[in-house]
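As you go down the protein sequences, you meet chains P and G in turn. Quick note on numbering: the first sequence equals residues 0 to 116 in numbering that gives the first Met the number 0. Quick note on numbering: the second sequence equals residues 0 to 520 in numbering that gives the first Met the number 0.
Just so you know, the hints here were simulated from the structure itself, not pulled from any lab data. Where hints are given, some of them may not hold.
[To be verified] A partial selection of chain G residues facing chain P, derived with a Cβ cut-off under 7 Å: (1) Gly-158; (2) Phe-163; (3) Gly-174; (4) Ala-197; (5) Thr-214; (6) Ala-215; (7) Ser-216; (8) Ile-219; (9) Ala-222; (10) Val-477.
[Said to hold, decoys possible] Only part of the chain P face toward chain G is listed, based on derived beta-carbon distances under 10 Å: (11) Leu-29; (12) Gly-67; (13) Val-70.
Just so it is clear, CB atoms sit at the ideal spot from N, CA and C, and this is done for glycine as well.
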Amino acid sequence: MERVLLNFPFVAAALLVGISLYIIIFKRNLIKLIMGISMMASGVNLFLVALGYRAEGNAPIYTEVPAGRMVLPVPQALTLTSIVINVAVLALMLTMVIQIYRHTGSLDAEKSRRMKG
Amino acid sequence: MATLITHSPILIIAIPLVAAFLTPLIGMAGSKARNTLVVVSLTFVAFLVFALARDVVANGIRVYTLGSASPSLTIPPGSMVPVRIILEVDAMSIFFGIIWAIVSLAAAMFSLSHIADETGQNRFYTLLLLMVTGGFGMMFTGDLFNLFVFLEIASISGGALIAFRTRSADTQEGGFKYIVVSAIAGLMILFATGLLYAQYNSLNMATLAHVIQFTASDKIALALLLVAFTMKTGMVPLHLWFPDAYSVAPASITGMLVITSHACMYAAFRVCFTLYGGVIDGLVVGWIIVITGLLTMFVGVTMAVFQKDVMRFMSYHAISQLGYMWVGVGVGLAVLGTPELGTYGRDAMTGGIFHILNHAMYKPLLFFTGGALFHCTGTRDLAKMGGLAHKMKWTAILYIIGTLSISGLPPLNGFSSKILIYESVYRFHPILTMTGIIVSILTLASFTKAFHSAFMGAELPEYEKVREVPRSMIIGMVILAAGIVFITLFPAQVVGWILRPAANALIDQGAYINAVMGAIP
């Protein structure tokens, strides 16, 4: 039972990444595409945090830490960095979608794809 | 000087970063002060890169440990593994660093007058310098997670720069495609980093390379990393975003994007040769890379023949040229660890790397001439141009230099690298050389056609008032043309000085590991 519980975050991460892949490939609305990318980022972040978790571990803060094992700090640092980067990417994508909407009046990926090559 | 070289790996990354955030401040004092800041900082960085290159070629790999008492102290006392962030500069990294330094300087010079009429120039230069930071970071880092961070820095600033001209819809679309591709590629790299960290508890590439086992999840990580980097490089079949993004960016940025694409290629090579060097199934992965390269060469050039938009036409050629490099280095990977490496594998890799250098000189040059045409005529449509050689003599001459070089006409530098690739990959499989020559002929044909429609013929009445482009744009182009002429005159010296060491650095995985882990038997 405990094993199932410990692996649960990985299943959730895989589900998030899978759903977001479906959205990115098949949805035509640009806002939905952005939501898909954001979901994928959440899935990867969840995967990273779950990697670092140790059963019944303490928070990795070195002052007055109780005895026992600690949760790995590195994946948490990675996740923080990754969240910050994803916020920047998300903001940039949204500004571009606003601009695309201003110019074309549509959020449909097929319609705004005017240049064929 | 010695201290400067010791600290130069971090300085090369930090100076553009600091300059990026100083740009808006200095920009308040006027555009002249800001332009001086940009050019001076990039020139200083280029100087540092060349000094570091001399040192690396003479004395071998240089490591820089951030936050430790001494930069060379990679493993802290009392620990078995490196825990700090390490920058590791070997001949391959510094080779890409040289390219990036030259092209970013030329692009900055070109921008000075190319975007002089636009608003938001302070932000433009801030983003440009951030992109320079990201590129150098990708090339110099020895840490898988830092690679991801710097890749994202380069992609975010690159995406914003592509969409810099907000007045038309196509720039927004190109920028959006670029940033979506970058975001997905970045997440794949992060996922692969997580997979590797889960098994080996390390993010340092040298440490990982030392302990890697090539288990099933390592293979998944390798596949993810390779797909992500090929996607960011713009290889067929993941190239669809590439012309859209490249053709709409300001020309100086397009020139720099070519090199960020090369930086992703560098990362792919680093993963294949260094991270997985000891355990990789070279023949399988090498053939995959070679076949992707062949497809890229062929599809890129056949698509380019039909293009009417000058920048789009050049973007497809950029895709096609990427194929040569992958074929050259892919053959090296396929024969890694076998006796054939000595007979032709090493030459194939040197040829591939040589072609990266040449491509980094002539492709930005061609993009710059395309940008100069756009700057003067206000259109990118080749059918609407004509007779421009009368008015724009410098641009026409520089375009001819670039064309002869990209088509591999002797004695230009494009020929030296292509002949090196042709001769060596012929012994691996003759079909590679045949495709290469056909693609080269098609390239020459389509560039001649484009030259004819843009520059030749009678002067058109609508371009009566066209003048030669401003001086700083010509300086930017001449920097790159001078690079082409230099390589044309001294191919053997260039190969001997930096290209052979770079190829050897890729092959010699042990040296890369030892530089961080110490001499481990």
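For each hint, the structure was consulted:
no.	hint	result
1	Gly-158	6 Å, holds
2	Phe-163	11 Å, violated
3	Gly-174	5 Å, holds
4	Ala-197	5 Å, holds
5	Thr-214	16 Å, violated
6	Ala-215	15 Å, violated
7	Ser-216	12 Å, violated
8	Ile-219	12 Å, violated
9	Ala-222	15 Å, violated
10	Val-477	31 Å, violated
11	Leu-29	7 Å, holds
12	Gly-67	19 Å, violated
13	Val-70	14 Å, violated
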